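Asks: So the chains spell out like this:
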Amino acid sequence: MIRFLLAAFIINLLTIAGLYVMRHRLLRLPLPGLWLLVCICSVIILTFSIAEVTLT
Amino acid sequence: MTPALLWSFARQELVDRYAGSALGFAWAFLQPLVTLTIFVVIFGQVMAARLPGLASTYGYSIYLIAGMLPWLAFANTLSRTASVFVEKKSILSKVGLSLPMLPVFIVLAECVTLLISLSLFLLFLLIKGMPPKPEFLLFPFVFAVQQMLALGLGMIFAVLNVFVRDVREFVGILMQIWFWMTPIVWTSQILSENLYYWLGIFNPMLPVVTAYHAMYLPGLTIDYSALMIITLVSGSVLALGYFLVKSLEKDVRDFL
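Here the protein sequences come in this chain order: A and S. For reference, each letter of the first sequence is one residue, going 1 to 56 in our numbering. For reference, each letter of the second sequence is one residue, going 1001 to 1256 in our numbering.
If you are wondering where the hints come from, they were derived from the structure by calculation, not from laboratory data.
Just so you have them, the derived chain S footprint on chain A, three or more residues with Cβ under 8 Å:
no., region
1, 1-8
2, 25-37
3, 41-51
Label pairs and their in silico Cβ distance ranges:
no., chain 1, residue 1, chain 2, residue 2, range
4, S, T1002, A, L13, 21 to 31 Å
5, A, S49, S, Y1197, 19 to 29 Å
6, A, I10, S, E1193, 31 to 41 Å
7, S, S1188, A, T56, 16 to 26 Å
8, S, A1019, A, Y20, 35 to 45 Å
9, A, L27, S, A1048, 51 to 61 Å
10, A, L29, S, F1025, 38 to 48 Å
11, A, L29, S, S1225, 29 to 39 Å
Every value quoted in this text rests on a predicted model; they were computed, and no experiment measured them. Where a beta carbon is used, it is the ideal one built from N, C-alpha and C, also for glycine.
The following block holds chain A by itself, in its conformation from the complex:
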């Protein structure tokens, strides 16, 4: 459980921080909403795969 908490916390925090820092560059890309959605889905899938390894 601790391993999952640590890994998920680091990955999610890094993604949020990365999106915050890159927000101006992201907004200049074509279809910024789509890139944001891709980021969110990737992080969720990554979190599920971490949970599969650490929680089961």
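Chain S: place on chain A using the hints.
Replies: Coordinates of chain S only, in the frame set by chain A:
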């Protein structure tokens, strides 16, 4: 559309729901409290319903509530989003709000409603000495997947509802059928393995609700690969809904 404006819409939605009542926002706590009490008393004590393989008095009540609370958030988000453009047409005709971003306030309002019900449910579990399993840490992620699907489908229906008003009634019927196709009231053991497999392929809410059950009840496991596929499906449906609203934005505004 700024996050502050979206939050203001969500707050107004919650305020409007209990406007004029003497108890006001206290109803937001009273309603789920009564629902949870009914489920626990009727199914746990009066009917003495038991889950297969689980001897606990409250096993079935927990199974029911664990699936029901997120389902209500899903169904409310989808049905409210489906009629959001028609309901907000007076604002949309005066202010140039972003159409694809507008329904997000419904997701926020439903998150607040769910948080209230969920906190009461967790309090009940802790009092009864049945805390959630470590898998409960995944709740926000599973809930995000479910709400992405509800928002995406809702946006598709919202565009259709502007041109064909029957869509709103259709969504009501669809949600009823969908509810009974999902293992919220019934358990997977009553179906044959083959039928359950096919239901899982056509019903994206099945692995989601099963994951909620596995967060509270011993002996149940989360199907992670199914959840990952549903995440991709939800993301694609949301992207489709977004592009549909974006491409038909001018027609929707003209029609409204």
